[in-house]
Amino acid sequence: MKALGIILAGGNNSRMQELSNKRAIAAMPIGGSFRCVDFALSNMSNSHIQTVAVLTQYNARSLNEHLSSSKWWDFGRKQGGLYTFTPTVTADNSWWYRGTADAMYQNITFLKRRHEPYVIITSGDCVYKLDYNKVLDYHIEKKADITVVCKDMPATEDVSRFGVIRMNEDSRITDFEEKPMVTQSNTISAGIYVIRRRQLIEMLERCEQEGRWNFVTDILIRYKNMKRIYGYKMDEYWSNIATVDSYYQTNMDFLKPEVRQYFFRDYPRIYSKVDDYPPAKFNVGSDVSNSLISSGCIINSKVENSVLFKNVFVGKNCVVKNSIILNDVYIGDNTHIENCIVESRGTLKANTYYSGDGGVKVVLEHNERYVL
Amino acid sequence: MIKKEMIAMLLAGGQGSRLGVLTSGVAKPAVAFGGKYRIIDFPLSNCINSGIDTVGVLTQYQPLRLNTHIGIGIPWDLDRNNGGVTVLPPYEKSVNSEWYTGTANAIYQNLNYMESYNPEYVLILSGDHIYKMDYEVMLDFHKANNADVTIAAMPVPMEEASRFGVVITDENRKITEFEEKPEHPRSNLASMGIYIFSWKVLKEGLLAMKDQSNCDFGKHVIPYCHEKGMRLFAYEYNGYWKDVGTLGSYWEANMELIDLIPEFNLYEEYWKIYTNSDMIAPQYFSADSVVERSIVGEGSEIYGQIYNSVVGAGVTVGKGSVIRDSIIMRDCEIGENTVVEKAIVADGCKIGRDVHLGVGDYAPSKLNPKVYAFDLVTVGEGSVIPNGVKVGKNTAISGETAAEDYPDGLLASGEYIIKEGDRT
Chain A
1 MKALGIILAG
11 GNNSRMQELS
21 NKRAIAAMPI
31 GGSFRCVDFA
41 LSNMSNSHIQ
51 TVAVLTQYNA
61 RSLNEHLSSS
71 KWWDFGRKQG
81 GLYTFTPTVT
91 ADNSWWYRGT
101 ADAMYQNITF
111 LKRRHEPYVI
121 ITSGDCVYKL
131 DYNKVLDYHI
141 EKKADITVVC
151 KDMPATEDVS
161 RFGVIRMNED
171 SRITDFEEKP
181 MVTQSNTISA
191 GIYVIRRRQL
201 IEMLERCEQE
211 GRWNFVTDIL
221 IRYKNMKRIY
231 GYKMDEYWSN
241 IATVDSYYQT
251 NMDFLKPEVR
261 QYFFRDYPRI
271 YSKVDDYPPA
281 KFNVGSDVSN
291 SLISSGCIIN
301 SKVENSVLFK
311 NVFVGKNCVV
321 KNSIILNDVY
331 IGDNTHIENC
341 IVESRGTLKA
351 NTYYSGDGGV
361 KVVLEHNERY
371 VL
Chain B
1 MIKKEMIAML
11 LAGGQGSRLG
21 VLTSGVAKPA
31 VAFGGKYRII
41 DFPLSNCINS
51 GIDTVGVLTQ
61 YQPLRLNTHI
71 GIGIPWDLDR
81 NNGGVTVLPP
91 YEKSVNSEWY
101 TGTANAIYQN
111 LNYMESYNPE
121 YVLILSGDHI
131 YKMDYEVMLD
141 FHKANNADVT
151 IAAMPVPMEE
161 ASRFGVVITD
171 ENRKITEFEE
181 KPEHPRSNLA
191 SMGIYIFSWK
201 VLKEGLLAMK
211 DQSNCDFGKH
221 VIPYCHEKGM
231 RLFAYEYNGY
241 WKDVGTLGSY
251 WEANMELIDL
261 IPEFNLYEEY
271 WKIYTNSDMI
281 APQYFSADSV
291 VERSIVGEGS
301 EIYGQIYNSV
311 VGAGVTVGKG
321 SVIRDSIIMR
331 DCEIGENTVV
341 EKAIVADGCK
351 IGRDVHLGVG
361 DYAPSKLNPK
371 VYAFDLVTVG
381 EGSVIPNGVK
391 VGKNTAISGE
401 TAAEDYPDGL
411 LASGEYIIKE
421 GDRT
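The listed protein sequences correspond, in order, to chains A and B.
All residue numbers for the first sequence refer to the working numbering, where the first residue is 1 and numbers rise by one.
All residue numbers for the second sequence refer to the working numbering, where the first residue is 1 and numbers rise by one.
Calculated directly from the structure, the hints in this document are not laboratory data.
Please note: incorrect hints may appear among the correct ones.
Here are the simulated lysine-lysine pairs, BS3-like style, with alpha carbons at most 27 angstroms apart [said to hold, decoys possible]:
hint, chain 1, residue 1, chain 2, residue 2
1, B, Lys350, A, Lys256
2, A, Lys71, B, Lys272
3, A, Lys302, B, Lys319
4, A, Lys256, B, Lys319
5, B, Lys143, A, Lys273
6, B, Lys200, B, Lys143
7, B, Lys132, A, Lys273
8, B, Lys319, A, Lys321
9, A, Lys71, A, Lys129
10, B, Lys4, A, Lys71
On the chain B side, residues computed to face chain A include the following (Cβ under 8 angstroms) [as the list claims (entries may be wrong)]:
hint, residue
11, Glu159
12, Tyr270
13, Tyr274
14, Ile280
15, Ala281
16, Pro282
17, Val291
18, Ile295
Reference excerpt, derived from the structure (chain A facing chain B, CB under 8 angstroms, subset only) [stated by the list, open to error]:
hint, residue
19, Ser33
20, Asn107
21, Asn214
22, Tyr262
23, Phe264
24, Asp266
25, Asn283
26, Val284
27, Ser289
Being a predicted model, the structure only gives us computed values, none of them experimental.
Note that beta-carbon positions come from the ideal geometry of N, C-alpha and C, so glycine has one too.
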């Protein structure tokens, strides 16, 4: 194989509000049955990349639990495999990962010992499908030093939380601004990079000597006039989930038939850890419309324009509307939920009312649950 | 040397001919059940949940689906370095090559497989029952009684006992007599086809009966052990156990799952039923869909209405269609404005639009009145039903049918269409 994969999954940000209190962003549940990191992992596996390192730091427990076996993504191989790297104290380092470049530098031994000529770097907080071999072929054809996958966003979208790119007619990146105050273009970096392994090692070592830790600002932006950095335009679905609003919107996107067809039915598929819940059950009184319901759910009343993750119980006479209910939630009778994201394993008491007025409300409820 | 206390041998080679067109292309243990499962998932899950990690699965009739389903056993955690699941088809020998001619003959032909694990006990299972059972408890019973053979048996209503093999026991559950389908049963303890043999006893029995034609456990090996004065015990089981051998019982067992609190509970955390499913996405219900008293498998797209039904994974139900009292297995496509009533539709069928399954009154089957004796429409795997036709009750359809197969657009009750097509 020509490339190894690195998935950056260590970050957190305050825009996720309470949703990242108990899990890494890469472990956020997506589309009813998946976790965000499944998309990057499945893309790696479907691109025949056999060696993948997941770099974790913030709240790594949830992610480690999800990655406890590599077999779901077909990484249980003699050659390569799935590695999870959390920062460790060593003889000459006692730092956490101080940035994306530092996270890779601290695992430079891994990079040095591999033999694959290229590295695919991606983040664990994006939902997309991509054959990395196409990007790699493009990278080789352009004789690029680094290739950045980028995406044209709609003109109406605020892109100030992304890296904003401008390219010349040859697709070489001329301008790269990270989280700019004023945006000059609507082309953004999708956080997916291709680079030669030796080149990466050299750049990481230099960064370390200079006390720089960030891959985007200290490598991409700093080297952009010196090295050949190219943009690869991606036209298909791509979404970053790292704010509450975009997380909500990304999940709601799965209510569109073309998004479901693309992710759920078209080959190759997205894989995830299998939970072995029984099929969803709909009792008398259930009234489901325009919604996604996952396995293990038991529905007794009204669900509308919502995404229910695995093993959710909806009691009698409830209304669940425009909401995202994460896994293992119990909703008591006569409860009304509108424009909410209900955190996993929560128990909502009977006869309660939750509504996000004018926005999305994150609901965390940990009441006693009485189950017969 | 490898040493396993108990290994399981799962008999999965039978056709299950009483399921009619449902088993024309697959072995009975590979028939779908309960929305996402296949029948063999129940004994396989029971094995791993009981701590048995070495299972030989004996296949013979139409094994492709079974082989792909089992694979290397990942869903059941039976992918092991030592033991795990092994598919055991009949094989050619230097002399006396033969198919598996009976349940005991099949096990006899795999003596080497069992020998290689050096077991103390061998559990014999069949792949066509729906139940949960802790075989470890049964093994404890076997050991406590110092038994040679333990037969799992369950009490059935006395009036039904004549349909089963019954065991008559003394007060210590030691078996004193057998009756195979007795006219006037003296006991209501019916054998469930689940046996634990002490390895030496099994080996001796199989070798002694090796020249018996169609050698069967119930008919030959167990009676042989009994005659030899071995210690045979009945292990009484009182949980849910369902033989899904007929279309009627298969349909009923599926329908029992949609009860508010089903007798057979699939939601128990500590005794999960595992299955091989490449479909993991959630299911979608459109704005004008209706679903009530039903279970629906992963990845299905429902635009119509579903009442009292069991729908498998990856099924599409078109707008305006109504599914009622039916079983739809995985990857079926059902067109728009189609009505499906009391039907069993096997995997991968395509039913057109404006079709009506289950019209008219019951009529005896012209194909096989023994198999098709319920007012169900039975549609075999991969069948195609064209737009706009009507299909009566107690009918069977298999293969790619076209409009000209339906005189006046109707397949009358009791009729059938069986097309061989390219499939053999």
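We went through each hint and held it up to the structure:
no., hint, in the structure
1, B:Lys350 / A:Lys256, "24 angstroms, holds"
2, A:Lys71 / B:Lys272, "19 angstroms, holds"
3, A:Lys302 / B:Lys319, "20 angstroms, holds"
4, A:Lys256 / B:Lys319, "16 angstroms, holds"
5, B:Lys143 / A:Lys273, "38 angstroms, violated"
6, B:Lys200 / B:Lys143, "14 angstroms, holds"
7, B:Lys132 / A:Lys273, "24 angstroms, holds"
8, B:Lys319 / A:Lys321, "22 angstroms, holds"
9, A:Lys71 / A:Lys129, "20 angstroms, holds"
10, B:Lys4 / A:Lys71, "26 angstroms, holds"
11, Glu159, "33 angstroms, violated"
12, Tyr270, "12 angstroms, violated"
13, Tyr274, "5 angstroms, holds"
14, Ile280, "5 angstroms, holds"
15, Ala281, "4 angstroms, holds"
16, Pro282, "3 angstroms, holds"
17, Val291, "5 angstroms, holds"
18, Ile295, "5 angstroms, holds"
19, Ser33, "5 angstroms, holds"
20, Asn107, "29 angstroms, violated"
21, Asn214, "36 angstroms, violated"
22, Tyr262, "11 angstroms, violated"
23, Phe264, "4 angstroms, holds"
24, Asp266, "11 angstroms, violated"
25, Asn283, "6 angstroms, holds"
26, Val284, "6 angstroms, holds"
27, Ser289, "5 angstroms, holds"
Comparing the model with each earlier hint shows violations of hints 5, 11, 12, 20, 21, 22 and 24; every other hint is respected.
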